[in-house]
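There are 2 protein chains.
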Amino acid sequence: MLDKIQIVMVNTTHSGNIGAAARAMKNMGLSRLTLVDPIAAVDEEAIQRSSRAEDILHNVRIVSTLEEAIADCGLVIGTSARSRHIPWPLMNPRQAAAKAAEMIPAGNDVALVFGRESRGLTNEELHLCHAHVHIPTNPDFSSLNVAQAIQVLCYELRMAMVAEETEEEEGQWGVPWDYPLATHGELEGLFQHMEKTLIDIGFLDPNTPKQLMPRLRRLFQRSAPDKTEVNILRGMLAMIQKKTVRSGQEQTPPQTEQGE
Amino acid sequence: MLDKIQIVMVNTTHSGNIGAAARAMKNMGLSRLTLVDPIAAVDEEAIQRSSRAEDILHNVRIVSTLEEAIADCGLVIGTSARSRHIPWPLMNPRQAAAKAAEMIPAGNDVALVFGRESRGLTNEELHLCHAHVHIPTNPDFSSLNVAQAIQVLCYELRMAMVAEETEEEEGQWGVPWDYPLATHGELEGLFQHMEKTLIDIGFLDPNTPKQLMPRLRRLFQRSAPDKTEVNILRGMLAMIQKKTVRSGQEQTPPQTEQGE
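The listed protein sequences correspond, in order, to chains L and A. Residue 1 is where the first sequence starts when you use the UniProt record's numbering, and the numbers rise one by one after that. Residue 1 is where the second sequence starts when you use the UniProt record's numbering, and the numbers rise one by one after that.
Be aware that one or more of the hints could be misleading.
Intra- or inter-copy, both count: the list cannot distinguish identical chains.
With a straight-line cut-off of 30 Å between C-alpha atoms, the simulated DSBU-like cross-links for lysine-lysine are [to be verified]:
1. Lys-227 / Lys-99
2. Lys-227 / Lys-196
3. Lys-196 / Lys-242
4. Lys-99 / Lys-4
5. Lys-4 / Lys-227
6. Lys-210 / Lys-242
7. Lys-196 / Lys-210
8. Lys-210 / Lys-227
It should be emphasised that the hints constitute simulated quantities derived from the structure, not laboratory data. Just so it is clear, the structure is predicted and the values come from calculations on it, not from any experiment.
The shape of chain L in the complex, shown without the other chains (with noise of 0.2 Å):
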């Protein structure tokens, strides 16, 4: 279970952190971690701090963005801090490896996501993930270290899967699902074919777009499509945009589509 599992790190700047937590992902038996756009080094620093987990750090994928580390996804989770002002799906450690140990046998990846040590993810982050996962911590002092979080997060993997091996999974609707979701690449290709969609029906305004995508976001995410939905909705989007006129566009008759 837990090599389905992927720890992704954006931007960390101390390589010490890097380090740490490649110790406690090799601890709990996690292996794959991810940078994304890193401002520290995996140098010696982190060596150390990793303290014979050494084969993580040469194993570490880096990648430039966010969406290129998680694209394989089916269920990405994002750490997340502050209450942001559109609720999303949010979990604790416990119920955030649960859910991964529900979606790996099913053959899904799963992404964690760590943000800065200075401010976390950023809200377009935290708009990619399916769902967010907070630490309850102390109201009056909340500064968790990331490599802390990261061992946090790696313990309840471990405890859920020592529970997982003795008891069947069921998947997260409680019913074995018929198709493999969609990664989250794929996800990416639904919303920006339906945000193009919107704009050329004149529902979307790219002038004024408000929280439309966001919202829409949220709604198809948290229900976490799987390959054929997302077949679906992208069919539906095709023929809506074949079938609409555009504002200001000039008139073609439709002489194909009569009869369809």
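Fit chain A to the supplied structure of chain L, relying on the hints for placement.
Just chain A, lined up with the frame of chain L:
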């Protein structure tokens, strides 16, 4: 509850670990740190790694022996990594936190004891404890940093305390939501509108509907749309209907739509 708990570190060699432990504790709402015969000092490195949890360091208690540290505690749990030759009551961190949560209301102080970076606690030190706690780790790599072990235990203690104090619901997605859910009648209105629109644009053939509408119902119903989301979707459907040219219909130049 958490102020009845003492974190005890025995013979610590790295001051950074003392600082990181203080930070982990404060994040989780604990405040009482005791050092037994520390080799490291509470120095600049410790203060720096504590990242504004210095008050915990300033209040640290320093004693010469473990017996002194735990003399007033009703429950003493020691961390144990290796199996010892006399089996001893052993718990995982979740069980340890549950035990602490049971014992504290009766007025007992609790101590959680952590050993040396190099070799943990000695057999004699472990024999002073009522029970042992083992953090489940990768059998091929078990080298949890002491501050990370403290982080995990403090997290479980906080989770036990939070569970104790709050049984209130926060809705199905883990956060208070921003709008009330759509009623079943409103969802029915949405699905009928959707079905009609999909027929109008030629995506759904009413003669061979197959499982399209049930699949769409399943997708949307499991995301439990709120009233605003239903309004957005119906607004989209209305705009699609307005902007599409229907198969077989007389061409109507869309003057009203131009410029919108």
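Going through the hints against the structure:
no. : hint              : verdict
1   : Lys-227 / Lys-99  : both (19 Å within a copy, 27 Å between copies)
2   : Lys-227 / Lys-196 : both (20 Å within a copy, 24 Å between copies)
3   : Lys-196 / Lys-242 : both (13 Å within a copy, 17 Å between copies)
4   : Lys-99 / Lys-4    : within (13 Å within a copy, 33 Å between copies)
5   : Lys-4 / Lys-227   : within (19 Å within a copy, 37 Å between copies)
6   : Lys-210 / Lys-242 : both (26 Å within a copy, 22 Å between copies)
7   : Lys-196 / Lys-210 : both (15 Å within a copy, 28 Å between copies)
8   : Lys-210 / Lys-227 : both (28 Å within a copy, 18 Å between copies)
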